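Participant: Residues per chain, in single letters:
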Amino acid sequence: MTYARCSRAEIARRVAADIPEGAYVNLGIGLPTMVADHLPPDREILLHSENGILGMGPAPAKEDIDPDLMNAGKQPVTLLTGGAFFHHADSFAMIRGGHLDICVLGAFQVSASGDLANWSTGEPDAIPAVGGAMDLAVGAKSVWVMMELLTRKGESKIVPRCTYPLTGVGVVSRVYTDLAVIDITPDGLSAYDLVPGLDMAELQRLTGVPLGARVAALK
Amino acid sequence: MINKIAESLEVALSGVEDGATILIGGFGDAGMPNELIDALIAQGAKGLVVVNNNAGQGETGVAALLKTGRVRKIICSFPRNADSQVFDNLYRAGRLELELVPQGTLVERLRAAGAGIGAFYTPTAFGTELARGKESRRIDGRDFILEYPIHADYALIKAEAADRWGNLVYRKAARNFGPVMAAAAKCSIAQVNRIAELGDLDPEAIVTPGIFVSRVVRVARPVPGVAVNAGEGRP
Numbered sequence: 001m002t003y004a005r006c007s008r009a010e011i012a013r014r015v016a017a018d019i020p021e022g023a024y025v026n027l028g029i030g031l032p033t034m035v036a037d038h039l040p041p042d043r044e045i046l047l048h049s050e051n052g053i054l055g056m057g058p059a060p061a062k063e064d065i066d067p068d069l070m071n072a073g074k075q076p077v078t079l080l081t082g083g084a085f086f087h088h089a090d091s092f093a094m095i096r097g098g099h100l101d102i103c104v105l106g107a108f109q110v111s112a113s114g115d116l117a118n119w120s121t122g123e124p125d126a127i128p129a130v131g132g133a134m135d136l137a138v139g140a141k142s143v144w145v146m147m148e149l150l151t152r153k154g155e156s157k158i159v160p161r162c163t164y165p166l167t168g169v170g171v172v173s174r175v176y177t178d179l180a181v182i183d184i185t186p187d188g189l190s191a192y193d194l195v196p197g198l199d200m201a202e203l204q205r206l207t208g209v210p211l212g213a214r215v216a217a218l219k
Numbered sequence: 220m221i222n223k224i225a226e227s228l229e230v231a232l233s234g235v236e237d238g239a240t241i242l243i244g245g246f247g248d249a250g251m252p253n254e255l256i257d258a259l260i261a262q263g264a265k266g267l268v269v270v271n272n273n274a275g276q277g278e279t280g281v282a283a284l285l286k287t288g289r290v291r292k293i294i295c296s297f298p299r300n301a302d303s304q305v306f307d308n309l310y311r312a313g314r315l316e317l318e319l320v321p322q323g324t325l326v327e328r329l330r331a332a333g334a335g336i337g338a339f340y341t342p343t344a345f346g347t348e349l350a351r352g353k354e355s356r357r358i359d360g361r362d363f364i365l366e367y368p369i370h371a372d373y374a375l376i377k378a379e380a381a382d383r384w385g386n387l388v389y390r391k392a393a394r395n396f397g398p399v400m401a402a403a404a405k406c407s408i409a410q411v412n413r414i415a416e417l418g419d420l421d422p423e424a425i426v427t428p429g430i431f432v433s434r435v436v437r438v439a440r441p442v443p444g445v446a447v448n449a450g451e452g453r454p
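The listed protein sequences derive, respectively, from chains A and B.
Numbering-wise (the numbering used here), the first sequence opens with residue 1 and increments by one.
Numbering-wise (the numbering used here), the second sequence opens with residue 220 and increments by one.
Note that these hints are calculated values from the structure, not bench results.
Bear in mind the structure is a predicted one, so any value in this text is a computation, not a measurement.
We put the beta carbon where it would ideally sit given N, CA and C, even for glycine.
There may be inaccurate statements among the hints.
[Claimed, not checked] As a list, the in silico DSSO-like pairs of lysine-lysine whose alpha-carbon atoms are at most 27 Å apart:
1. B/K405 - B/K265
2. B/K286 - B/K405
3. B/K391 - A/K74
4. B/K353 - A/K74
5. A/K153 - A/K74
6. A/K141 - B/K292
7. B/K391 - A/K62
8. B/K223 - B/K391
9. B/K223 - A/K74
[What the hints assert, rightly or not] Pair by pair, the computed Cβ-Cβ distance ranges are:
10. A/D64 - B/I425: 25 to 31 Å
11. B/E348 - A/P20: 33 to 39 Å
12. B/I336 - A/G98: 38 to 44 Å
Hey, can you work out the whole structure from these sequences and the hints?
Facilitator: Below is the structure:
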């Protein structure tokens with residue numbers, strides 16, 4: 001069976017295409033940040049940043065970098081016309097209070113029941129760091145994960161049960177991968193949009209966790 | 220006449236006792252009160268508990284404070300950075316205690332302290348390692364954990380402008396933890412780029428009313444490419 005995996009930019013484009021007009025969205029640091037570069041220009045989508053920005057715009061030209069205007073990953077950004085600044089407690093009220101429509105996060109593992117592990121590998125000598133991940137995981141109306149399906153060793157990152165420390169329990173509703181999009185529903189996993197040349201049997205073999213056929217009612 | 224403006228960084232930092240809990244604003248470089256931190260290092264208090272979102276980057280600011288060995292414990296959400304070597308070394312050597320707190324829980328614990336809230340239930344971290352040993356409760360079918368406020372002796376924050384009553388306005392995303400920390404500490408000290416005459420700050424635009432601020436000190440924003448003398452030990 002021959003098929004090509006999606007590049008990270010292609011996954012980002014696929015995620016961006018599913019973000020509707022008018023959505024309030026937080027893009028996690030790392031891979032999800034790439035989604036910002038692929039948002040459809042004909043839609044008004046408001047990006048939120050934990051450090052107190054709503055209506056975050058793209059990176060500025062070098063001469064326009066402002067040290068007081070950066071994203072949660074501490075990269076310089078801009079503010080769109082109509083954007084707003086606010087303090088951290090308001091920012092996390094937006095997150096925990098369920099005001100964000102979508103949050104896109106990276107992950108080490110996602111379980112079949114939507115548990116998310118993305119903040120720690122649990123190695124004893126690792127320096128732990130959690131940032132806003134646990135707040136985003138419980139707070140956004142929809143938590144989407146963007147990741148490669150397999151580790152470098154070829155193990156599925158969608159697992160029956162996470163072995164890495166959890167970020168949130170039962171929070172992920174959709175996983176965008178380099179091989180397919182997988183919805184996590186109360187009735188189980190549903191895979192669709194497989195890359196050309198990949199069939200469900202092979203995806204099932206790679207993933208290990210039972211994948212239903214696409215349910216018509218799901219996007 | 221109320222005048223909260225301190226004539227120097229040294230005066231602004233006077234009275235900080237050993238063992239104090241000190242909130243330090245900022246997220247990355249934005250809103251980081253670097254000159255107040257340098258003045259705290261010069262002041263010399265030790266055995267400190269520091270609360271900041273991060274645990275220092277590079278060799279300046281919070282990292283420089285940690286390097287003095289005068290911080291006993293740090294409470295933060297994201298200590299690990301590409302250039303957090305000062306923290307990493309102290310932590311691995313067992314010379315610095317870390318309390319890791321999710322960022323939203325960190326700011327809500329600070330908010331609770333400033334607002335007189337005794338404790339609160341949050342869904343954040345339920346079912347994770349960071350909920351270990353904490354009370355939990357199911358409310359309306361959802362699981363929460365109990366978190367307590369973080370009270371502090373001092374807050375060091377950075378704002379754009381202040382008047383002599385301590386009213387503050389901020390600049391862009393440098394606002395971040397400033398307003399919340401200002402309310403959470405017994406004595407909040409703001410370094411500002413500009414001092415405004417009383418009445419010049421638009422009352423509709425004041426973000427931190429002066430009741431939350433004890434001391435103000437002016438530290439002019441450095442002009443790019445021009446060396447300025449902006450406090451102790453900072454060329």
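Participant: Can you list which hints this structure breaks, lowest number first?
Facilitator: 4, 5, 6, 9 and 12
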